[in-house]
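Enquirer: All chains, please: the whole structure from these sequences, using the hints.
Protein chains in written order, with the working numbering: chain A, 1 to 412; chain B, 1 to 92.
There could be a bad hint or two in this list.
Unchecked claim - Straight-line alpha carbon distances no greater than 30 Å define the calculated BS3-like cross-link-like pairs of lysine-lysine that follow:
id, chain 1, residue 1, chain 2, residue 2
1, A, K325, A, K150
2, A, K14, A, K4
3, A, K150, A, K264
4, B, K53, B, K79
5, B, K53, A, K405
6, A, K205, B, K53
In short, the hints are calculated from the structure, not lab data.
So you can see what is in the structure, the chains are spelled out below.
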Amino acid sequence: MSWKLIKQALNGSKPLPRMWHERPIKNSYDVVIIGGGAHGLACAYYLIKDHGITDVAVLEQSYIGAGGSGRNTTIIRSNYLTPEGVQFYDESLKLYEQMSIDLDYNVMFSQRGHLTLAHTDGSIRTMRRRAEVNQIQGVDTRLIFPDEIKKLAPYLDVSDRPRFPILAALYHPPGGVIRHDAVVWAYAHHADAGGAHIHQGVRVKDIRVTNGVVNGVETTHGYIKAGAILNATAGWCTTIADMAGVRLPITTFPLQASVTEALKPFLNVVVVSGSLHVYVSQTDRGELIMGASVDPFAQYNMRGSLAYLEGIGGHMLELFPMLSKVSMRRQWAGLCDMTPDYSPIMGVTPVEGFYVDVGWGTYGFKASPIAGKTLAEAIATRSTPELIRPFRYSRFNEHALVGEKGAAAVGH
Amino acid sequence: MLLIDCPNCGRRSVQEYNYGGEYNPRPENAMERTDVEWAEYIYMRDNKWGLQKEWWYHQSGCGLWFLAERHTQSNEVLKTYFWQKNDVPQGK
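Expert: Put into structure tokens, the structure is as follows:
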């Protein structure tokens, strides 16, 4: 990348070539992916790369990466609670580790280590269990105590001053942060180069289903025939599934995040506290980027609230008292499609040719590569790959849930 | 700030209330229901974009549960009222 930059600096008058192109909308595609976020674009990329299916359209109602892919706090980790969850997210982390090389695109993955703080005996018990489950699966996670926490994050208050003192932490060295826009752009670039069409500003109005098989999508730009349709629309997934007549066990909640002004580098790990509803890391620009748990009631509105700022401000000062004079600069929200068990829903549905990649709640971004890869396999083979079998749509009717609340959520 | 009219206490800040989810009555004749019917009741949700009939609990006030009709995009609350026996879920 740096060599490209030097060449471009000496070649100032000519703009860089476009990373993806606007193409005319065809009236038929083999696969139509609804939702141009990291998941949808990754799926398009893997359909081309792994299965040679190039007749693919990605429909995005806004611009690509406008939803959760551009609104998350960029944290990557695989220290989940259930063996199914750990295996799945660890495959994703491995793909992220290789992404800059595989896609020849600098996604700036910084594996700086990830700390989940325990403020109660109950949390320590859960973390011991998570550490054991992780180690059995070959994932580097262990329980550490205040002396070691202090070395990793010197400005963290590990004294007994706070109302809920830090008693221990789950340390996950491979965890870190990544540049989320670059992930979206890298997938978009390679999907486009491989023959997929990326249509921005195209909204799906209806899905036509005949005799239980999908036929195509009605859009703001006309009817498009489709052999297979993937619903990868996160917070809006219920509105799309309704069009195909597929019921989803999902409730949409906004989640708010914010950044502070830029500070000198002082925090080189990701710090998460479930009890205090906060996760924070320092960006390369020096800003602290932080997020909370989902808002207290379901809605599709992404307006920020003062209650969020007061809450996260207070909790941040419990962790880092020296930030008391630092100002918050921006605040935003994204929509989270929450499932009852805090695990996603992936693969086939009762409507033939209608696939879902939904229920990603507050943990979708870190799964983008593996979700794209396994969904591409599901669409190409019209079956469910073993890795995502636990996350199948039918698990709800079978009452076989994959409970990840203890590891996927803050604020429980 | 969102204000909600408690049918008992009047107009209060949303922070006084707890959200109770969309109105989804328990199936009758529980013993005769199949696993799939229970899954529909326990897990499946309308998650409407638009007007939704839902439960609220006035936690920092009178402590009563009531129903509200709220738009999930604009957050406009059209009406609030106590549950009555003939209340039907929306869109069913």
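Enquirer: All hints are to be evaluated individually against the structure, with a verdict given for each.
Expert: Consistency of the hints with the structure:
For a cut-off of 30 Å, the pair hint linking K325 (chain A) to K150 (chain A) stands: about 22 Å separates their Cα positions. Taken as a hint, the K14 (chain A) and K4 (chain A) pair is honoured in the structure, with Cα atoms around 13 Å apart against an allowance of 30 Å. Only pairs whose Cα atoms come within 30 Å are accepted, and K150 (chain A) paired with K264 (chain A) is accepted, the gap being roughly 19 Å. Restraint check: the Cα-Cα separation between K53 (chain B) and K79 (chain B) comes to about 10 Å, which is no more than 30 Å; the hinted pair holds.
Between the alpha carbons of K53 (chain B) and K405 (chain A) the distance comes to roughly 27 Å, so the proposed pair stays at or under 30 Å and holds. At most 30 Å may separate the alpha-carbon atoms for a hinted pair to count; K205 (chain A) and K53 (chain B) meet this at roughly 24 Å.
Taken one by one, the earlier hints all hold for this structure without exception.
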